[in-house]
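Colleague: Here's the letter readout for the chains.
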Amino acid sequence: MAKIVVLEGITQKFGEFVALEEVSLHVEQGQLHAVVGENGAGKTTLMRILYGALSPTQGTLTVRGETKTYRSSRGAIADRIGMVSQHYAIIPQLTCLQNLMLGAEHGAILNLQDAEAKAESLAQRMGFKFNWGAKADTLGPAGAQKLEILKLLWREAEILILDEPTAMLCPADADALFVSLRRLADEGATVILVTHRLPEVTEHCQEVTVLRGGKLIAHHKVSDVTRPELAELIVGRALTEFPPRQLPATEAILSVQDATILGDRGDDAVKGATFQVRRGELVGLAGVDGNGQQELFHALMGVRQFQRGGASLDGQDLLSLSTRERIAAGVRLIAEDRHAEAVIEEWSLEENAVLGFQRLQQFESSGGLNLAYVHERASSFIQRFNTKCTSPAQSIGSLSGGNQQRFVAARALAEQPKLVLAFQPTRGLDIDATRAVYQGIREACAEGAGALVVSFDLDELLEFCDRIVVLNCGLMSSASSMDRTEIGQLMVGAS
Amino acid sequence: MKGVSLAWRLGALIVGSIVLVVAALMATQAPVGEVVQRLLLDSFSGPTSFSETLKRFCPYVIAGVAVFWALRAGLFNIGVEGQFLIGGMVGIAVSLPIGGFGGILLGALAGSVAGMLWAIPAGWIKAYRGGHEVISTIMLNQIAILLTSHLVAGPLMDKNAGFPTTASLAPTSMLGGIPFGPVTVSWAILIAMVVVGVFSWWLRRTVSGFELSVTGANPTAAQFAGIEVKRTVFQAMAWSGAVAGFGGALQAVAFEGRFFEGFSSGYGFDALGVAILAGGNPLAILPSAFAFAVLGQGATAVQLNGVPKGISSVILALLIAVFAAFRYAKVRPIHD
Numbered sequence: 012m013a014k015i016v017v018l019e020g021i022t023q024k025f026g027e028f029v030a031l032e033e034v035s036l037h038v039e040q041g042q043l044h045a046v047v048g049e050n051g052a053g054k055t056t057l058m059r060i061l062y063g064a065l066s067p068t069q070g071t072l073t074v075r076g077e078t079k080t081y082r083s084s085r086g087a088i089a090d091r092i093g094m095v096s097q098h099y100a101i102i103p104q105l106t107c108l109q110n111l112m113l114g115a116e117h118g119a120i121l122n123l124q125d126a127e128a129k130a131e132s133l134a135q136r137m138g139f140k141f142n143w144g145a146k147a148d149t150l151g152p153a154g155a156q157k158l159e160i161l162k163l164l165w166r167e168a169e170i171l172i173l174d175e176p177t178a179m180l181c182p183a184d185a186d187a188l189f190v191s192l193r194r195l196a197d198e199g200a201t202v203i204l205v206t207h208r209l210p211e212v213t214e215h216c217q218e219v220t221v222l223r224g225g226k227l228i229a230h231h232k233v234s235d236v237t238r239p240e241l242a243e244l245i246v247g248r249a250l251t252e253f254p255p256r257q258l259p260a261t262e263a264i265l266s267v268q269d270a271t272i273l274g275d276r277g278d279d280a281v282k283g284a285t286f287q288v289r290r291g292e293l294v295g296l297a298g299v300d301g302n303g304q305q306e307l308f309h310a311l312m313g314v315r316q317f318q319r320g321g322a323s324l325d326g327q328d329l330l331s332l333s334t335r336e337r338i339a340a341g342v343r344l345i346a347e348d349r350h351a352e353a354v355i356e357e358w359s360l361e362e363n364a365v366l367g368f369q370r371l372q373q374f375e376s377s378g379g380l381n382l383a384y385v386h387e388r389a390s391s392f393i394q395r396f397n398t399k400c401t402s403p404a405q406s407i408g409s410l411s412g413g414n415q416q417r418f419v420a421a422r423a424l425a426e427q428p429k430l431v432l433a434f435q436p437t438r439g440l441d442i443d444a445t446r447a448v449y450q451g452i453r454e455a456c457a458e459g460a461g462a463l464v465v466s467f468d469l470d471e472l473l474e475f476c477d478r479i480v481v482l483n484c485g486l487m488s489s490a491s492s493m494d495r496t497e498i499g500q501l502m503v504g505a506s
Numbered sequence: 003m004k005g006v007s008l009a010w011r012l013g014a015l016i017v018g019s020i021v022l023v024v025a026a027l028m029a030t031q032a033p034v035g036e037v038v039q040r041l042l043l044d045s046f047s048g049p050t051s052f053s054e055t056l057k058r059f060c061p062y063v064i065a066g067v068a069v070f071w072a073l074r075a076g077l078f079n080i081g082v083e084g085q086f087l088i089g090g091m092v093g094i095a096v097s098l099p100i101g102g103f104g105g106i107l108l109g110a111l112a113g114s115v116a117g118m119l120w121a122i123p124a125g126w127i128k129a130y131r132g133g134h135e136v137i138s139t140i141m142l143n144q145i146a147i148l149l150t151s152h153l154v155a156g157p158l159m160d161k162n163a164g165f166p167t168t169a170s171l172a173p174t175s176m177l178g179g180i181p182f183g184p185v186t187v188s189w190a191i192l193i194a195m196v197v198v199g200v201f202s203w204w205l206r207r208t209v210s211g212f213e214l215s216v217t218g219a220n221p222t223a224a225q226f227a228g229i230e231v232k233r234t235v236f237q238a239m240a241w242s243g244a245v246a247g248f249g250g251a252l253q254a255v256a257f258e259g260r261f262f263e264g265f266s267s268g269y270g271f272d273a274l275g276v277a278i279l280a281g282g283n284p285l286a287i288l289p290s291a292f293a294f295a296v297l298g299q300g301a302t303a304v305q306l307n308g309v310p311k312g313i314s315s316v317i318l319a320l321l322i323a324v325f326a327a328f329r330y331a332k333v334r335p336i337h338d
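So the protein sequences, as listed, match chains A and B.
All residue numbers for the first sequence refer to our numbering, where the first residue is 12 and numbers rise by one.
All residue numbers for the second sequence refer to our numbering, where the first residue is 3 and numbers rise by one.
Looking at chain A on its own, in the form it has when it is part of the complex (with noise of 0.2 Å):
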């Protein structure tokens, strides 16, 4: 098979920081191309460079075999380059089509009734439909999703950059989305998809490109490598297992009954939920995005109302508890939105330690904040998940994101947790800082607590968790096992 891009030896600097070093890429006409490695491993800047909105401080790019030096991504677009970034380029007030078109109109004078027939007959090459006058606002993420790799296909690009495309999408949509690229790439097209999920790698990639720390670590096919190999040579080690447990049976810390509560539309955004998580069991609660876990969450920890239905902690009745008496009774958020509900941004990590523990006896002394005692757990915090910082003393928006959250994580662990509420505990943290959490969250249930995690990644909470509840559309279910496709089934609600 011919080769039809070619990076060699790309590196590129941002002012002192090296972001790539030395790094090639060789990708085949007509496969599925992976790009794999943790945040930071430069992916995303290699993929901007391809599409030539970054101009690469050394290396030679080589497109269908011609050299190429893009100025801009105008460039790559005239040679049937594509990219759909992480964060989707829709307009919500256009309708599908005019997003469809949009920059990209043949002819000054726009005739839609041909527009249309030519954009029908692109989705149904790719078997996608759409209500094209309909307003891209009434597109969920799947079909915004595909409607941006029918952009592509609209500009004739050949060679689609995919980054991340499945973050959004539930494993039914996930898996639709794969048929699709299958297809394109069987008709010829070449598609290079950046992601951190490993299945899809192995189930539908042909070839894959390992990065790590902005230098070139592996180039396989994907048939000579297994997904344990895979992640060793993402995270440059072996990673400990997390083995299915076998939990004795033990009482209820959290039990929730026929919880009804109001979503911000005016709807019930969970109707009618029930369901317990046990003490020392780490419960997933998988669900695309938008589907109550938010008001669930936020309701358990008494910032929202239940319009119906009960909940008590190890026994005692927790809805008639304030959320000051929530968090001495051993009720702990890693929260959704870290930057509105968990943290002070300009205030220091020491200042940060405290929130939400500010009246807790260990905290106080006659009077006043025990300083000496929120200095040592502030420093525990930070050591707990390898949290980079220069001090204590520094403010906890000066870190990265990764490294807040590093800290939100240890300071929701400590203090003797009873029930972890941790809403996509994960978000920016790579491979090993994910499983310290994990293991963490393990830990805290090894002492008696009890952990619910939302993750909107299903293969991070197989993998984790002991057991899964799903809520789709504010209806909760139980996965009768730890089985891919029943959860996949029950986060759509075709069970």
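The set of hints was computed from the structure by calculation and includes no laboratory data.
Think of the CB as a built atom: it goes at the ideal place given N, C-alpha and C, for glycine as much as any other residue.
Possibly wrong hints are sitting among the right ones.
Unchecked claim - Quick look at which bits of chain B chain A covers, simulated, 3 or more residues with Cβ under 8 Å:
| # | segment |
| --- | --- |
| 1 | 204 to 214 |
| 2 | 218 to 227 |
Said to hold, decoys possible - Over 10 Å on every C-beta distance to chain B, these chain A residues come out as not near it, computed from the model:
| # | residue |
| --- | --- |
| 3 | Val17 |
| 4 | Ile101 |
| 5 | Thr106 |
| 6 | Thr271 |
| 7 | Lys282 |
| 8 | Gly301 |
| 9 | Phe374 |
| 10 | Ser390 |
| 11 | Thr401 |
| 12 | Gln427 |
| 13 | Leu473 |
Stated by the list, open to error - Each pair of labels, with its calculated beta carbon distance range:
| # | chain 1 | residue 1 | chain 2 | residue 2 | range |
| --- | --- | --- | --- | --- | --- |
| 14 | B | Thr186 | A | Glu356 | 46 to 52 Å |
| 15 | B | Ile180 | A | Gly378 | 28 to 34 Å |
| 16 | A | Ser406 | B | Val324 | 19 to 25 Å |
| 17 | A | Glu426 | B | Gln144 | 30 to 36 Å |
Let chain A serve as the given structure and place chain B on it in line with the hints.
Modeller: The following block gives chain B in isolation, referenced to the frame of chain A:
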């Protein structure tokens, strides 16, 4: 590289401010050197001037604490002026008939309570009804100004005086001071400093002070940290009013000895500047209030040179602008 350009920008700001002040003075055709000297040094030029400066310093400090308190909870208490007036009037009304030390004590207490009551509507509307405190406190200021001038021109007026004022406290019923040669430093100055010290300790070291600061910095995070945000906001406004009212009563029993129309020369409004200039540090209220007092006194002096009194406002405004630029200047990191 970014750091250098930042220093340049801030340096340019300072030079620009000085040029602006000099240009403003030249526009009034005043002798620039002499005016600047008077502006900065007149406050220290003699016992009378210095006593006047201290008399301004005291209310600036206490009203500054009042503004700072609310500001820390995320509230702009524009109503300090009104609370100060009400506190001053009630303070005199209570201490006049009682007299002596008891009069001073009860007057100060009554003034504080009155100031708190005057702030409570704004605090309640803000916390439980979502009405903006700036609007409600401005309206309460109008009511306070008109109410106090009505009362000193009517029921509380000293019938022997030819203008709207209450009767005066006997010198023995006023708060004394410690004589330093020709200048007597009122106990009120000491009290004001203690107020700042205690407030600073409370804010930095106690749990309730911490919760107040969290509420002001990020109310949503405060809610998730188990803080009763509405109650904290309400209480902050009430205490801010109490401090302002205390400041008014103290001014009455320590310096003025009576309440009259024009009792406050805008102390409550200037206190917004005092608190903002102090930045994040409550102890900095002291130097900040001193700068306001010195420039305020100096501005009175330079009127003799035909320079409008407003020049001190120009200088203070520039001072605040330069300070804010330093405080909020950030070098954005290039990488996450």
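Colleague: None of the hints should be skipped; say for each whether it holds.
Modeller: These are the hints, each one checked on the structure:
| no. | hint | result |
| --- | --- | --- |
| 1 | 204 to 214 | holds (count 5) |
| 2 | 218 to 227 | holds (count 7) |
| 3 | Val17 | holds, 28 Å |
| 4 | Ile101 | holds, 25 Å |
| 5 | Thr106 | holds, 35 Å |
| 6 | Thr271 | holds, 22 Å |
| 7 | Lys282 | holds, 24 Å |
| 8 | Gly301 | holds, 19 Å |
| 9 | Phe374 | violated, 8 Å |
| 10 | Ser390 | holds, 19 Å |
| 11 | Thr401 | holds, 13 Å |
| 12 | Gln427 | holds, 16 Å |
| 13 | Leu473 | holds, 29 Å |
| 14 | Thr186/B to Glu356/A: 46 to 52 Å | holds, 48 Å |
| 15 | Ile180/B to Gly378/A: 28 to 34 Å | holds, 31 Å |
| 16 | Ser406/A to Val324/B: 19 to 25 Å | holds, 23 Å |
| 17 | Glu426/A to Gln144/B: 30 to 36 Å | violated, 50 Å |
When each numbered hint is compared with the structure, violations occur for hints 9 and 17.
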